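J.: Starting from two chains that each stand alone, build the complex the way the hints lay out.
If you're matching them up, the sequences are chains D and B in order. What the first sequence shows, in my numbering, is residues -17 to 253, in sequence order. What the second sequence shows, in my numbering, is residues 246 to 785, in sequence order.
What the hints contain is simulated information worked out from the structure, not anything from laboratory work. Since we're looking at a predicted model, the values are computed, not measured. Ideal Cβ positions, reconstructed from N, Cα and C, are used throughout, including at glycine. Just to be clear, a hint being listed does not mean it is correct.
Stated by the list, open to error - Here are the simulated distance ranges between beta carbons:
id, chain 1, residue 1, chain 2, residue 2, range
1, B, R362, D, A11, 37 to 43 Å
2, D, E214, B, E742, 21 to 27 Å
3, B, K538, D, P222, 57 to 63 Å
4, D, P222, B, Q625, 24 to 30 Å
5, B, G480, D, S248, 24 to 30 Å
6, D, S209, B, T356, 29 to 35 Å
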Amino acid sequence: MAAIISAAGLAFVAPPALPQGQPVTPPHAAHPKATPESIAAGKDIFAGTCAVCHGIDGSGGNGPNIRGAGAAMGPEGVYGRIRGGIIGTGMPAFTSLDDATVWKLVDYAMTLGHEDAGVATGDSKKGKEIYDASKCGTCHAVGAEGGNLGPDLSHIGVQRSIVTLTKTLNDPGNSLPLDAGLQERATFTAYVVYRAVTKDGKVIEGTRVNEDSFTIQLRDANGNLHSIQKFEMKSIDPEPGKSFMPSYKDKLTAAQINDLVAYLSSLGEAQ
Amino acid sequence: MNVSKYFLCGVAVAALVLGSRLESAAQNVNYDEILHSASHPENWITYGGNYAAQRFSELKQINKTNVNQLKLRWVYQLRRTGIFESSPIVVDGMMYVTEPPTTVTALDVRTGRPVWRWTADLPKDLLTIGLFPTNRGVAILGDTVYVATIDAHLVALDAKTGNMRWNVEIGDNKQAVAITQASMAINGKIVVGMGGGEGGLRGYIDAYDAKDGKRLWRLYTIPTTGEPGVETWGGDSYKYGGATTWNTGAYDPELNTLYWGTGNPAPDWNGDARKGDNLYSCSLLAIDADTGKMKWYFQFSPHETHDWDASEPPILFDATINGKKRKIVAQANRNAFYYVLDRETGEFITGKAYAKQTWAKGLDAKGRPIQMPNIEPTTQGNLIYPSITGSVNWTSSSYSPLTGFFYVDTREQGAYYYKGRPTIQPHNPNDTGGGGGQKLVNGDAAYTAVRALEATTGDRKWEFRMVGDSWTGTLATAGGLVFCADSQGNFFALDDETGKPLWNIQLGNSARANPITYAVDGKQYVVGEAGNAVSVFSLP
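Extracted from the complex, chain B is given alone in its bound form (with noise of 0.2 Å):
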C-alpha cells in the first residue's frame, strides 16, 4: 500500500501537535487549516475527521499500552433530549455539539460547560416522514458554524457567541423535506444534501455561499422529462423517486470533487410503478465542486426494494493495487458488499460481501450485482438478508492508513420483507410512503460486530463482536486503536491489528453517535456519547 502525502502528510507532524493554542479565544478555521487537518489533529474539524472522511487522528498519546489507564474528565448532560447522534466538531478549545432535533451547543472543551446554546425555531406542524428529528453534527468555516435544520434550513451561526447571521431555506418542510446531517465546508461553500425520501420528493445536494447564504448550485438525483435516465423510472414515478442526499459524504480538493451517496428509490417496497434501475438512486455521486455537475455516477443497488440506502459515508484513500497507484473511494454499503471504487473515474475495482446476504450471487465486472432469483418483497413476507437496517447504517467506518484496514461496524440479521401498494402519496405527513414492511428475524441469533477489512480488497482481517446493535461507526487513531460502541451503553477500544479489546466502560445507554478525539492543553481526549451525554475521557 503506498499512501499518498496528502492524506499521510500530518503523521511526521503528529508528534508537534499536542500542545493546545492555550486559551479558547479564536474559534476560526481557515480552508487551507481544514485542507492539512492531519497536520491539526488536535482538532476535529470535519464531519468525518478530514475531507477523505477517513475518521482517523493523528493523535497518538493514548495507545495500545495506555489506553487502559483512561479515565473519565467530565460529563455533559444534554438539555434538549430525544435521539441523539452527533458527531462533534472540535476547534481551538470549543466542542460543538447538536442537541435534537435542532439546537447547537457550544463546549468548553476543558470542562464541558456550555459557552453557548442556539436553537432553530422550528414550525409546530414540522414533517420527518420516515425519519427520526434529529441532528448529526455541524461544520465550520473561517468564524462561523453552519448547521442544517430538520426543517430544511442552513443557518450561520458567529463560532464565538452562538449569534445567527443568516438562514437561507434549503428546501420546503411541509414538501416534507428534512435534514439530519452535517453540512460540509469547503472553499467559500457550504455543500448539504436533504431527506425525507418517503415523503414523495425527488433528492437533489446544494452549495451555498458561506459568505451570505446564496445558492450556487443544485443538482438532482434523479432526472426529469428529457434528461439521460429518466427512462429508468416508469410514468411519472421519478417525480416522487426519492433518492435523497442525506448523510455526509467526502471530498477531495485535488480532484475538486465530492462525493456523495443516495438514498433508496420510493417507495421503498413495492418498485412496480418505478420499473428500471431507478437512477441516481443507491449511487454514489461524483460531484464537480464549483459547477455542482455530476462527473460520474456508480450505482451500487438497481431498482433497490428492501430501503438498501448508500448513504453510508464513502471514504477516499490512496493506494497501489496490481502495481497501480489508485486513488480510491471505498464503501461498506448497507446492501453488504464493500466496494472500492477508482475515484478519478468510477471504475469498480473490485468488492465483495462483507456480512450475510442472500440477495446477489455476486457482482459482475462492472460491480452490478447478480441478482438472486425471488429476491422481492410479497404479500406473504420474504426472508432476505440484510435487514431494512442494512449491513451498516448511516453511521462511519474509519479507515487507518497506518494498517490499511477499513473498519466497519455490521450489523448481521434479517428481515422478512413485505410488499405493499406500489404508489406514493406525495408529502403526505399520514402516509410514510414505504410501500410495504419488514419484520426483523428474531434477535436471538442476530449479532453486530467490528470488522477489520483490507481497504483494498475487503478481505476481512478480524472481528470484535457485539451484543445488540451498533449505532455508532468507528475512529481509529495512530495510537494504534480503533474506538466503537454497542447498543448496550459499552463504549470500548480494540487493538487495531487484531481486534483485542483492550479498554470498556458502560456509558449507562444506547450510543448512537461517532466517537471522535481531539487535544487541548497537551492531553489527548475520546469522546463518547451514550443515551443523552456527552462523556469524555484521557489519560490521568
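Isolated chain D, as found in the complex (with noise of 0.2 Å):
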C-alpha cells in the first residue's frame, strides 16, 4: 500500500488563506513604464521584503506560490495587493513603501512565472480559425467561454513563451504546466495522467483533479469523474509523458502551428 501512496504526488486544496475582503487602494502614482534596472531593483527588494513567505523566486514558503499571479491580476491588481494586503490572512498592507518603490516590486513580480514571449512569426488571426476548428475550446477556455479538462489560457499569452507554447503542441505530455495557485507551499506537475487498476483489473486513466490520502479524483479523457478510494485499488500509478491534449506534430503544418502559437500568444494582458 505504501507504493501507491508514495506513487502520489502533492495535490490540490486551496490555501486557507483566502481573501476575505480587498481594501481599497489608495490614489497612487502611474505605472512606469517596466525596465530591466526597475525589474532588478524590484528583485533586490522583493528579496528583502517578500521571500521570507513567498520564496526567492516567488513559488512559494512560509506562504503562498505567486509566480503566474502577475498575469491574472495586472499591474494594478499587484499593486493593491501590495498596498492593502488581503485581510484575513498573512498578507500585511506594505503602506510605508513610496510608490516608486512599489512598482519595482510590481514589475519584478510581473516577471515571476513569466516567460519571455519571443516574435510570433504566425498569423493569429487564421490561429483562432485553428484554434476553433481543432476545437481546443472543448478542453480549454478563453475567459468565459470553452471547457475544463485543460488549462485556462485566458492570460496564457504572457504566461508562455512561443518557444513553451510550439513544444507544448506539439508534445505536450512532456511540457505539462507547473500549477501555480492551488498547492500551498510548492509547485507541483498539473494534469498528470493517472492509471489506476482496481483489484479485479478494470483499469482507469484519468487526470488527477484532486488527491488526498485517501481519494483521488480523476476525469477521464471524455470529462466522466471516477471517484476512487486508494486504499480498495491495486495500483494508482502517474504515466510521466502522458497527456489528454493530443500532438498537433501530424495533425497540422508547421506554419499552422505557428499561427495558432500566433493566436495563443495574444491572449492575456501583455505587460
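T.: Next comes the structure, spelled out in C-alpha cells:
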C-alpha cells in the first residue's frame, strides 16, 4: 500500500488564507514603464521584503506560491495587493513603501511565472480559426467560454513563451504546466494522467483533479469523474509523458502551428 | 521502558472519568488539577494536553475496534476567518478556541454553540514580520482564561463570561514583537514567549503573576555585553539576533523546570554578520520556573542559516535506558534530527535523523551536528534537505506511554537556499529580515508522513504517508489510536502500533490545527479542525 501512496504527488486544496475582502487601493502614481533596471531593483527589494513568505522566486515558502499571479491580476492588481494586503491572511499592507518602490516590486512580480514571449511569426487571425476548427475550446477556456479539462488559456500569452507554446502543441505530455495557485507551499505538475487498476483488474485512466491521503478523483478523456478510494485499488500510478491533449505535430503543418501559437500568444494582458 | 507514576497515574483511573460533571457550571481549574490532568481526561486542560506536552489522552471509549463508527456531532464555523491554528482547551463543559488574529470564543461542548466571544483591540498598523497573524490557543488557571494577543499583550478573561480582567503589554508591537502561541499556566504564574525574530529583536520569555499580570521574571535568549555567550555573535548582531520563543513549551513540576525551544538567529539565510554559534538560538532552554534563570541549554543547530527554529514543542517522559532510569525531554527538531536528552542535566543521550537531511554527517557524542561542507545558502541557490519549513514545524508531536512511541508528522522536501544581504533592518515593516530566501523543490516528489519513532532511540517503527503538506501534529490516545490530518482536509485515525488507517473523513479544507479529545456526559469526542471550522466526532 505504501507504494501506492508514494506514487501520489502533492495535490490540490487551495490555501486557507483566502481573501476576506479587498481593501481600497489608495490613489497612487501611475505605473512607470518597466525596465530591466526597475525589474532588477524590484528583485532586490523582493528578496528582503517578500521572499521570507513567498520564496526567493515567488514559488512559495511560508506563504503561497505567487508565480503567475501577475498575469491574472495585472500590474494595478499587484500594486493593490502590496499596498492593501489581504485582510485575514498573513499578507500585510505595505503602507510605508513609496510608490516608486512598490512599482519596482510590481515590475519584478510581473516577471514571476512569466516567460519572455519572443516574437510570433504566424498569423494570429488564422490561428484563431485553427483553434476553433481543432475544437481546442472543448478542453480549454478563454475567458468565460470553453471547457475545463485542460488549463485555462485566458492569459497564456503572458504566461508562456513562443518556444513553450510550440513545444506544448508538439509534445504536450512532456510540457505539462506547473500549478501556480492550488498548492500551498510548492509548485507541482498539473494535469498528470494517472492509471488506476482495481483489484479485479479494471483500468481507469484520468487526469488528477484532487488527491488526499485516502481518495483520488480522476477525470477521464471524456470528462467523466472517477471517484476512487485509494486503499481499495490494486495500484495507482502516474504516467509520465502522457497527456490527454493530442500532439498536433502530425495534425497541423508547421505553418499552422505557428499561426496557432501567434493566436495563443495574443491572449492575456501584455506587460 | 519504565514510565513514572507521575505521567502514568491516570491510566488506573481512566475508566472512572468518562462521566461528566453534569452542567457546565464552573469553569475553574486549580493548579492541582492541571498537575494531575491525566486523572481528568474529560478535560483537555493545557495546550499540550498535560505539562509534559505529550498530547496523549487516557480516554479509550473510542478505540481501534470502534473508531470506524465515528459520527459528526457538531460543527462550529469561525466568525473571524483567516489562518486557523488553534488547539482548543476544554474544561467542564466549555471549549475555548481562538479565532484569527486574536478572538477567544467559548463554546458549549455539547452543541458547539458560542457562549461568549472576546476580540482583542488591535492596532491598525499591526506589525507581523515573517509570521501569520493567528493564535494557537489559550491557557486556563482558576476561573481565568489567558490569551496572548498578536500585538503582544497578555490578557486575562473571566472564564465564565469573557469579561476582561487585566491586560498587560509583553512587548512593543511597533518593535515587531508579535505572539501567536498559547501561554502556559503553572502555579500562580502565566509563562509566555514571543515571536517576530525577523523584525530585528532579541528574544525573551516571561512569567506573569496570574492574579494581576505583574511581570515576575524575564529571561533573554541572547546574552548581552558582559554575559557569557555574547562572544558567539559578531559585532552588535546579538542586539537583533532573534532567537525568539514563539511556541509553547513543556513543564516538569517535580523539577520545577520549564522547557522552551528558541527560534532561528537573524537574519535567517546569511550568517556573515553573526559569526559563531549564536547562543542561545535554535536551542532548548531549561528554565527555573521560580526565578527565570537558565539551568541548562542544548543547542541543536549552531550558527543556523536555514530557518530551522528549535521551537517544536518538546515532550517529557520517563524511561529506563541502558538499565538506568532517566527523566527525558525529547524533540523531533525542524533540522530533521530526533533528540533524546536528560531533562535534569541537559545531557545528550541519543539522537538520529528521522527524515531526509543533507546537511550533517551525524551527531557527535555530545549531540552537536557534524556538518557537511558547503551547506550554506549561496547567491545561486544551494539544494539542502530539509526545506525552510523543516522536517516538522510548529505543530505538536505526541507520545504514548502505552506504546513508548513518539508520533511526528514529518515532511520530506528539500529547498534551494539563497543568500542575500547580511544585515537586518530592525523593526522595518518593509523588510522581513531574511537575508536571502529559498525555493522549494518541485512538490511532485515531496510528501508528508506520520512516523512512529521508538521514543528512547528514534528508531522508526512505522509510517503512514500523506498527500500534500501536514500542519496538524498528532494526538495519541489510550484507545490505541493516533489522530492526524493532512493539508488536503483528511482527518484520520491510525492504529498506534502499526500505523494502519482505521477511519478518515474529508473536512473540506486544509487542516492546520492540532487535534484534541475530551469527554462529556459519558461520551468521548475527538476534535478536528480544517479551514475555518471546528468539527467534533463521537461514537453513535
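J.: Now look at each hint and say whether the structure bears it out.
T.: Hints versus structure:
1. B:R362 with D:A11: 37 to 43 Å: holds, 42 Å
2. D:E214 with B:E742: 21 to 27 Å: holds, 23 Å
3. B:K538 with D:P222: 57 to 63 Å: holds, 58 Å
4. D:P222 with B:Q625: 24 to 30 Å: holds, 28 Å
5. B:G480 with D:S248: 24 to 30 Å: violated, 55 Å
6. D:S209 with B:T356: 29 to 35 Å: For B:T356 against D:S209, whose Cβ atoms are near 32 Å apart, the range 29 to 35 Å holds.
Checked against the numbered hints listed earlier, the structure breaks hint 5 alone; every other hint is satisfied.
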